[in-house]
Structure formats: C-alpha cells, structure tokens
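Listed below are the residues making up each chain.
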Amino acid sequence: MLSNTGNILLIGSIVSTFLIIYFTYQSLKERSFQIKKNIIYWSFLQITFVIASFLLLIFAFVFSDFSLLAVYQNSHTAKPLFYKISGVWGNHEGSMLLWINIMVLFSYLFFVFNNKTNSAFSLYTLVVQNILILGFLIFLIFDSNPFFKILPTPIEGLGLNPILQDPALAIHPPLLYLGFVGSSIYFSAAVAAILSNSNGKNFALSIKKWVLISWSFQSLGIIVGSIWAYYELGWGGFWFWDPVENASLIPWFCMTALAHSVLVLEKRNYLYNWVLILSLITFISSVTGTFLVRSGILNSVHTFANDPSRGLYILIFLSLMIFSSFIIFFKRRINDQFNLNAISKETFILGNNWFMMFYLATVFVGTIYPIFTQVLYNTNISVGPPFYNQVIAPILIPFLIFMAVGPKIGWVKSKFITYKPFFIIIVLSLLINFLISYFLKSYNLISNLIVISSLFLILHSLKDFITNVKSNSYLNLASFFSHLGFGILILFIVLNHNFSEEFDLNIKVGQTKKIGNMEIKFNNLKIENRENYNAVIGDFNIQDFQRNYLKKLNPEIRVYENPQTLTFESAINSNLKQDIYLTMSNIDGSDFYNIKFQVKPFMLWIWLAAFLTASGGLVRVFLKK
Amino acid sequence: MKVSFLKIISFCLVIFTIIVFFIALNIDKRYSTENIIGKKIDNFKIKFLSHDQNFENKDLSNDKYHLINIWASWCLPCKKEHPILMKLSNEDNLNLIGINFKDKKKNANNFLKDLGNPYNVILSDTDGTSSISFGVFGVPETILINEKHIVIKKFIGPLDTNDYKNILNVIYEN
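Top to bottom, those sequences are chains A and B. If you're matching positions, the first sequence starts at 1 in this note's numbering and goes up one per residue. If you're matching positions, the second sequence starts at 1001 in this note's numbering and goes up one per residue.
What the hints contain is simulated information worked out from the structure, not anything from laboratory work. Every value quoted in this text rests on a predicted model; they were computed, and no experiment measured them. Each hint should be verified, as a subset may be incorrect.
Some chain B residues judged to face chain A by a derived CB distance under 10 Å, without partners named [stated by the list, open to error]:
1. 1003
2. 1014
3. 1020
4. 1027
5. 1038
6. 1077
7. 1114
8. 1115
9. 1118
10. 1127
11. 1129
12. 1131
13. 1170
In the SDA-like style, the derived pairs of lysine to any residue whose C-alpha atoms are separated by at most 25 Å in a straight line are [stated by the list, open to error]:
14. 513/A x 598/A
15. 1104/B x 1077/B
16. 508/A x 1087/B
17. 1047/B x 373/A
18. 1102/B x 536/A
19. 1007/B x 508/A
20. 1104/B x 548/A
21. 1105/B x 502/A
22. 513/A x 1114/B
23. 513/A x 1117/B
24. 508/A x 322/A
25. 1102/B x 598/A
26. 441/A x 426/A
27. 1039/B x 1166/B
28. 408/A x 623/A
29. 1104/B x 382/A
We treat Cβ as the ideally placed atom computed from N, Cα and C, and that holds for glycine.
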C-alpha cells in the first residue's frame, strides 16, 4: 500500500519533470521565451510530488513500516523517534531521495526568483536543471528505489548502525546536501547563461546568492561531520583525510573560489569564462565525489552499501554531464577581456582562486591516486595525512597573508598607503608567536610560520574592523567574519596539533594512577538500561595538582542489541583552554579497563572559529548593506 | 569551435580518468575476504618494529601455522581481542606475527608492555602500505596461513572465543 503510493508519487515526479522539459523546450523553440502557465503549473506539481514522496518515506520510518526494504534494513521499532527520522537519509536510497528533493527545491526557488528579470535565461536554467533531475529520478526508481517492497513483511527491522545514532550525524547529511547538491543550480545556470547569451553581470547577480548559500551549508556540514568524528569515533581526531571527507572538501574549494570570483564578474565584468568553468566543475566534482563514495571503489569509514552497478550509472551520467557541458562551453566561446592591475582586488581574488585550485588538485590527486595505481600497476597504496599535511601546510603561509591584505585593497587600481600599521602587525605577530613558543612549548619551523601568518591575518582583520568602525566607513561584515574566523581556525589547529597530549593505561575500579602532574582515579562502574541499549558507565576523577582542579568524567561502553554492536563513547570536559578527553574499553577476562586519556588544547576555539568562518556566507545573504 | 592543444590534453585526461574509474569499478576487489582464501600469500617485505631489518616471505618457517595479526595501539577493539592472542601464544604449533599498523613506535611498545606481548615476530607498517597486500581494510584483522603459506582463514574485526576455538580446530586438524 505504502510502497505503491510511494511509487505513484515517484512516477508523478518523473512525469512532471518530463513535461516541464517538454513545455520549456517548446517555448525555447518558438523563441518566444514566454513563461507559459503550464510550466508554472507543472513546476508546482513537481515539487509537491517530490516533497510528498519524501514525507511518505519519513512516515514509513516513523511508523516502522517494514514492508519497505529500506525501512527494514535501516530501522527498528525500539529506536527513538529522532533516529527513526534521521534513518531516512542514513541509507543510500533515502539519501538519494533527499538529493532529488534539494535539486527540485533549488530549481523551483531559483525559477521563482529569476523568471521576472530574464525569462530566456531562467527557461534555459529550468530545462537544464530538470534534465539533471530526470537523470537522478531514473536512477532512483530503477536502481535505488526507497519504496521497494519485501514480501512477507518482516516483524522487526535490522536497525541503524549505532555510531550513526547521534544528533550531529542526523543533521550532517542534510546540511552537506544543501551545499553540494545545491551547487547543481549554478551548474544549470552556467549552461543556461552560455545558451541564452546572457551577459556576465546578470549571470553573476543571479547565482551569487546561491553560491553563498551552498557554500555556507557545505561549510556547516563539514564542521558538524568533524565534530561527530571527534566525539564519536573515540580517538580524539577531527579530520582524517578520509576519501569521503575529501569528497566533501573538493566541492568546498570550488565554491570558495567561485564565491570570490563571482564578485569580480559582478563588479568589473571580468573572468566570465572562469566563473562559468567554476560553476560547472563545482557540481561535477560533487557528483564525482558521490561516485567515488557510493560505487565502493574507494574504501573508507563511511558505511554506505557499495554496488558497482550503481557506480556504473553515476559514471555514465557524470561523463555525459562533463562532455555535454564543456562542448556547449567551448562552442559558444565568450571572449574575455583582461585588464588587471597588480595591486587591485581583482588580482587578489584571482590569487585566492589559484590557491583554491592548488588545494583542490592536491586533494583530488591524493584521493584518486590509489585507484590509478591499482588499475595501472595492480599495486595498492594508501595516501594518508602525512601527504596532505606536507603539501598543504607550507602553502597556507602565503595564503593567509594574501587573505589578510586582500579585503582592504580597492577595485581597479590601488596602492599600499599604510606601511606603518602593516609593519606593526608583523612585529606584533612575531612577538606573540615568540611568547607562545617560549612560555608554552616550542614547535617546528613550518608551525612557527603558520602561526605567525595566521596571527597576521587575525590582527590585520581586527585592525581593519576597528578603523572601519571609527571612520564609520563601509564595512564588509561577511568577509570580516570569514577571514577572521579562518585565521583563528588555522592558528588553533596548529597549536592543538603541537600541544596535544595522549596517554594510554590500564586501570581497575578503585585504583589511582599518576600521569605527570595529574592523577586519574577510577571510582566505580555502573550499568544502566537506556531506551535502545545498555550502558556501562565509568566514573573517573581527574585531578590536576599544578592548576588545582578536579574534574569528573563518565565515559561509556554502549551495548546495542539491534544490530549487535559495542560503541565506545568518549567523555569530554570542554573549556576555553582545553578539552580533557577520556575513552574506556573493557579487556576480556580481566578486571582492568583500558583508558585512553588525552589533553587537547583549544578544541572549543577550533569549533567556534569554524562556525564563524561559515557564518560569513549567511551574513552576506541575509544582511543587506 | 577552435581546437587547441590544451583542449586536446584536457580532453584526453578526462577520458583517461573515466576509463580508469570504469576499470576500477569492475576490478576484482582484494578487499573481499573470499578472494584471498585458498591462495598463497603475496610477497611482502616489512620492517621489524624494533630494528630496521626486513622480514620477508622466505623468513616464514615451513613447519608451522602462522597467524598474522594486524593491530595498532590506537585501536580500541585491538585491546579487546588481546587476551585471545595471549592465549593463542601458548600454542606450540602456531607462530604469531603482529603487524603494527600506522602507529607510533612508543605507543606500540607501551601497549605491549601493559597488556603483554603475544607475538613471536613484531613488524611495523608505519604508513599502512604493506598491510594492504593482505587485503586489510581495517584494524584489527587476522589472517591464518598454513605451513605452505596458503591463506586458510581471515578474520575481520576483533577475535572472539569462537574464533579462538576455530583456530585451534584448524591447527590441530592434521
């Protein structure tokens, strides 16, 4: 029953998508560029069908309708309501439906906002976007149908992987999807701009907001994902350069580059070709990432079911997308004139784009390199954090300095007039760095240079902010937030990396162990029955004699029944200075528990700085000048 | 459309990448357990944890079963399976080889000092490249090979008491 309704809604979506393409095509063929009633009518029906099918799937998960395969495989009656809902996108089928929902939603909103100003351009965008939607809908129905029925209906489901039962991870996929699936709209808009010979400035104005929105959500999605990894995976790291993380980072680099160069196009009408290319490759890289993750040709901690037939479909679709969009791009060549001055905002933004492309190339090569060696030489290699850290870290130094100076430079042609504050800031950065390494702990040359340049960025941004407020002149709050946030983020990541401490020990209830100036006491152990698991909770006291404080920490071992799994929950005590991080695991056949104890400075600052960076995009979208 | 050198190069690169992806899709995955069972173990050459010499296939004796265990000090389930490895270390007919995976030497040594050392040979795979040829896709993982160096069984995840019995059954079968 539910399965049939779902399938009918999906067929309704396909039919309406097809009709939108047909009617829009008619209107384009007549060259009337008239937005006919039936296009608006079918667009509205399309979004209704798609959202209804998504709500229906949520309904099936909430009421545990195990006649659907997707529900049976990923849910369980004993699960809390919140995780029943998040289970909808915790699997391949449901997440593809969410993907289509976002594509349709963005398409609809873009059409509503833009159809009054330039109807030819919005009609072309609509047709391209709907061709993409049609491709994904066909994929959904034939290869990853969330409404697939099983007979006989099982009484109980298999349950959702316990490490995915977490509030951060429940919102992580939708945020990330709003980011990189949202980028489909400016892919379509770029193709449409070429086909409709739209002028650069109008194109920039129409996509700017969407670039910023998707950039912000992409950033938020990545941050929430790392927070989850930090407290849930139990080894205290927050970024592992895992292929799936890289797959989300690559589109982020494109979006960051685009968010900057789109301004040059808007203000100066330069770089039209480059902005078009960036708009195209953002979504192309998103789909490539999806291909790498879902086809199973890369192995990673993310546990989506792998299926080569799925991979084949996405690969064919991806190739069609790349070739058709670039053939259109090269056929209707738009000539760019260039007249860039060495010291101008345009040049600095172009600089930002070069850095982004460098990072993109590094991460992309690192991610796909193992696939190439396997296919070409039949040898397996793994590209890990050392590669990324070594290649990316040194390039951060000039990048941070560029970021500090860039926002202050004017358009067209500018001069450095203020040498004095510039040198004061450099001296101040050197001094603070010296104080940190002198009083706390010394670190290597590269770390020193990165700390100095990030301090330079922070101080420079603050100085600009203060002078702007004083003189009451125009202030770009969005770029101030993002640049300042990024400076703080890099500063604290480097300090955290250098100052973190880690201890491993075995301890029994009642025992006390000393580590440096600290003492760990294992008070007792209790067992609690919770809603869908049993928890073994340790009660620890951490005492620091030097700083004279006492903290209580309660790490847990959770025993889940459906599916049967053990998870180790870390206990974290956060304050502005440091996180104290404790995980506990049992040792079979012994009274001892193994403890991993970590002191990680400035974690809270890292998260705050990351959120500050991401907030810049939203500030730009929602706050009018 | 003007055809330039740059365009041809980029076109070829994209085509090449897509072809590689396509082949990779259909490649017979080493990661799946079934594929390495019954085959002779691949050639390998891994450094010892304690010194810089290498341990190779030819260093494996021909009169015993070998249990290759891939572990790391940062891996919580490794601690869980450790008592089983300790019990297995008492078996005369079994040679335990521990491969320390992507780990710091100091942490690895502390781990063994705290929990005991069950291994006859300890190797170190600091960057995780050598373990891949055993088809490893996570730690801990354990591979049982016979005296002819043919893979008999592969255990993904921590060993439990059932696996312990299975291993004993296999090595005392003959």
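Ascending list of hint numbers which this structure does not respect: Going through the list in order, the structure violates hints 5, 9, 13, 18, 19, 20 and 24 and respects the others.
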